Amino acid sequence: MAEVVHMIDSEVFMAFSTYATIVILKMMLMGPMTSYFRLTRKVFANMEDTPLGGSAEDRKKMIRVDPDVERVRRCHQNDLENVIPFVVVGLLYALTGPDLSSALLHFRLFVGSRFIHTVVYMMPLPQPSRALAWMVGMVTTFSMAYRVLTTALFL
Amino acid sequence: MAEVVHMIDSEVFMAFSTYATIVILKMMLMGPMTSYFRLTRKVFANMEDTPLGGSAEDRKKMIRVDPDVERVRRCHQNDLENVIPFVVVGLLYALTGPDLSSALLHFRLFVGSRFIHTVVYMMPLPQPSRALAWMVGMVTTFSMAYRVLTTALFL
Amino acid sequence: MAEVVHMIDSEVFMAFSTYATIVILKMMLMGPMTSYFRLTRKVFANMEDTPLGGSAEDRKKMIRVDPDVERVRRCHQNDLENVIPFVVVGLLYALTGPDLSSALLHFRLFVGSRFIHTVVYMMPLPQPSRALAWMVGMVTTFSMAYRVLTTALFL
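Quick mapping for you: the protein sequence lines, in order, are chains A, B and C.
Each residue of the first sequence is one higher than the last, beginning at 192 in the numbering used here.
Each residue of the second sequence is one higher than the last, beginning at 192 in the numbering used here.
Each residue of the third sequence is one higher than the last, beginning at 192 in the numbering used here.
Possibly wrong hints are sitting among the right ones.
Claimed, not checked - Restricting the straight-line Cα-Cα distance to at most 25 Å, the calculated cross-link-like pairs of lysine to aspartate or glutamate (DMTMM-like) are:
| no. | chain 1 | residue 1 | chain 2 | residue 2 |
| --- | --- | --- | --- | --- |
| 1 | C | 251 | C | 202 |
| 2 | A | 217 | C | 240 |
| 3 | B | 233 | C | 272 |
| 4 | A | 217 | B | 259 |
| 5 | A | 251 | B | 259 |
By construction, these hints were calculated from the structure, which means they are not laboratory data.
Values in this document were obtained by computation on a predicted structure and should not be read as measured data.
Please construct the entire structure, taking both the sequences and the accompanying hints into account.
Shown next as structure tokens:
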């Protein structure tokens, strides 16, 4: 990691910034999507979220679990579990000064796999499509982690 | 991003460090708050967490779902879903070298909105107060993401 | 934070990269562990994940909640709630230029405590072993946050 200081100003770091921001924005959109499903299906988690105007009993019935809402939430949770490791490991990886082409390959594979994962999960498409999309993201992150550990190992 | 190296040593980066740490600490406190509710309401998720001394049957009854505990947990989850994107995007944003006043505005709005969000969620106050607090945080993060993408775009 | 630029190229930053990557990899392994429990116990969250070949009714019965699967998922969630704050605060802490020995102590304590936390949670071992492991991680992160705030405070 000798040339790290110069690296932070590099095309690799700009590419990381771009792809990390895009995939974080994608993850953030799962929040509004959950709200959309909650509002259209009238399924809420809190009493204060149910629409005013209905009777207390009607509103209480809206506090329930809905399969479509749970699906969006699982998709969001899977993003948290995978996108955040990518961002952390990807940042450290970008600072190890990899080749631009190699870095772009990692970032594009990961971000592409997460977009596919979301589409497959929400449709839903039959397995193993979701499993494969998830796997591509995992392998990409592991590959970057391997470079970080082999370049910067200091225990 | 030409002057990134000098930027990391700047007031903007110190401001980011300060606000990011404060809002992460706030998020971390949701953990102990969950434990507090679990212990005072005697509601647990694991058998090994129930108090020793009770009969096995009494302890099994404590493995249940409680509305107050679930409310803290949803609040914590909402923090994970919003604070972490802020921290990631905010770090990249700080490295694009924004004006100090503009950066402070973003950081203060976001961190303020999350404190308000937590108070509103825990009281709870009527909607749309929580929705608004959440929205301010989202818009702030989107605004920073916009600057990162327009400054550092490299696909 | 005057000498931050030189710090990023230091042994402290390499140590941070190493420990952050290791603990993120540990967290990521909770995903495959959940899949392993789901597949061996035949407990799924989505219809499309249930094995082909069974009747629709048999497959529907596999959409249920299993205590072992939920345990892994709680362990994973606890990692998200604790490891991510460590990574964020640890990065900022590494940039404040702490002593190498002090930084290594923080990183080793945190990462060690999270490995112990996972083992204790999965066995499970009796309390307060899990509470203590969790506490060590919290205190370590708070200690680093204290240094960040006292070194870089800019409100």
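Worksheet item: Are the Cα atoms of residue 217 of chain A and residue 259 of chain B separated by 25 Å or less?
Response: violated, 31 Å
Fill in: Hint consistency between residue 217 of chain A and residue 240 of chain C [alpha-carbon to alpha-carbon, up to 25 Å]
Between residue 217 of chain A and residue 240 of chain C the Cα gap is close to 24 Å, so the pair holds against 25 Å.
Practice prompt. Would you check the hint for residue 233 of chain B and residue 272 of chain C, treating anything up to 25 Å between C-alpha atoms as holding?
Written response: Holds, at roughly 22 Å.
Worksheet item: Between residue 251 of chain C and residue 202 of chain C, does the CA-CA distance stay at or below 25 Å?
Response: Outside the cut-off at roughly 54 Å; violated.
Worksheet item: Is residue 251 of chain A close enough to residue 259 of chain B, meaning Cα to Cα at most 25 Å?
Response: Roughly 16 Å separates the two Cα atoms, so the pair holds.
In summary, the structure is inconsistent with hints 1, 4 from the numbered list given earlier, while agreeing with the others.
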